[in-house]
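Using the sequences and the accompanying hints, generate a full structural model.
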Amino acid sequence: MAAKILPVIMAGGSGTRLWPLSRTQYPKQFLKLSPDGYTLLQATLLRLKNLDCAAPILICNEEHRFLAAEQMREIGIHAKIILEPEGKNTAPAISLAALYQTQTATIDSDTVLLVLAADHVITEQENFEHSIQQALELAQNNKLVTFGIVPTHAETGYGYIEKGQVELSGFVVKRFVEKPDATTAQQYLDSQQFLWNSGMFMFKTDAYLKELQHYADDIYTSCLAAIKETKPDLDFIRIDKEAFRQCRSESIDYAVMEHTQDAVVVPLDANWNDVGSWSALWNIQTKNDQGNVIHGDVITVNSQNSYIYGESRLVGLLGVENLVVIETKDAVLVANKDKVQDIKKIVEKLKQEGRTEHYCHREVYRPWGKYDSIDHADRYQVKRITVKPGQKLSIQMHHHRSEHWIVVSGTAKIHKGKESFLLTENQSTYIPLGEIHALENPGKVPLELIEVQSGSYLGEDDIVRFEDLYGRC
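Number 135 in the working numbering belongs to position 49 of the sequence shown; there are no gaps in the numbering.
If you are wondering where the hints come from, they were derived from the structure by calculation, not from laboratory data.
Among these hints, one or two may not hold up.
[What the hints assert, rightly or not] Think about it this way: if two alpha-carbon atoms lie no more than 20 Å apart in a straight line, the pair counts; the simulated SDA-like pairs of lysine to any residue are: (1) Lys-502 / Ile-549; (2) Lys-415 / His-462; (3) Lys-90 / Leu-132; (4) Lys-435 / Val-420; (5) Lys-499 / Gln-477.
As structure tokens, then:
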């Protein structure tokens, strides 16, 4: 009987490489960048549809939990979501999933973990499934399998894996090597003995934990302590924060794969891309006759080989080539397509200057819906708020601001002090500073309203929650 595959999806990420579309609170795995129109996370999950898989485990940051849950709900997939209090790289993330599986004993010890990143693009499904089946045979023989991408060019942005002797349908890992310079990368390509390091893995739960305990016992111990104190919270699994914070940050390559004697690599030739830059995204998307990839309201004249994304207004290009132009509601990026690996330098400047454009979009998603900060200045802020049908914001109050609410469409149920009442289109109410209040949508269509805040401090942390449907008190 074949072992059951348990997918483990790593959905962390700092949201810097595809700025300004990706942000800390909205990293690239949640963006609709897949050629099939899904987000990268959704495409990763749907890629498993033909495999005999158990319900997946998703590892993500606490800040992204509702975003991840909503995107899975959209495609009808239910998963256990383990929340990391902070990112600790891949070795601890995978260890949490493996230990959780053994602690809950949901599947027997022969369960094979298929570890995937949530932000990769793979377009050749049959080749992907074929490589998974090849890896499964090796994993059942207690090998720790990594997937090596068959290189198509001399890439300097990836680490490489050198193939050793043949092992069943794969190869013994001779060595892992860091990102090479251009000359070395060409030598690797010419030799046909090297594969790109994909960051995807397959192994039995107990085989991985045995090697982890042998080569990185401190990570094993910290993660075991963290997972012993899990607390269910809606669809989420919360771990012991303090125990996990004691864990060192380390990749699975450095912690285990470079040391174990059981590492093997299976070639994967499935048009893989880790979407690590705007130029990488340009490479995989459909281009027009001028070599341009266009999203949104865009006009080009005598412009070629560029990636243009317009989110909220018209973008025009005239007499240029090889550019990346990204327009969002609060930021615009114009970059040479050959220099986009340096976008992190802009993000660093934003951080140094104490700005917020690297951290969140003007439009922010919440479990109940979203809000768009459409205007602000000293002592006031205007938001457009959208509440999904049947959803309710927390019962709360503010120390430093008052609020005016004007309903644009739908029906709002207002809780203010000891009274509750309904408002419909063109009706409004006033929430004084210090008043306990809540807003909900009792209707069947989205509720849209304008909120005008005024006061001495308008930060999102000026919220005292008394009751919340989403466990945020």
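Going through the hints against the structure:
1. Lys-502 / Ile-549: With Cα atoms ~15 Å apart, Lys-502 and Ile-549 stay inside 20 Å; holds.
2. Lys-415 / His-462: Given pair Lys-415, His-462 holds - Cα atoms ~14 Å apart, limit 20 Å.
3. Lys-90 / Leu-132: Given pair Lys-90, Leu-132 holds - Cα atoms ~18 Å apart, limit 20 Å.
4. Lys-435 / Val-420: Holds: Lys-435 and Val-420 sit about 16 Å apart, inside 20 Å.
5. Lys-499 / Gln-477: Status holds; Cα separation ~11 Å.
The structure agrees with every numbered hint stated previously.
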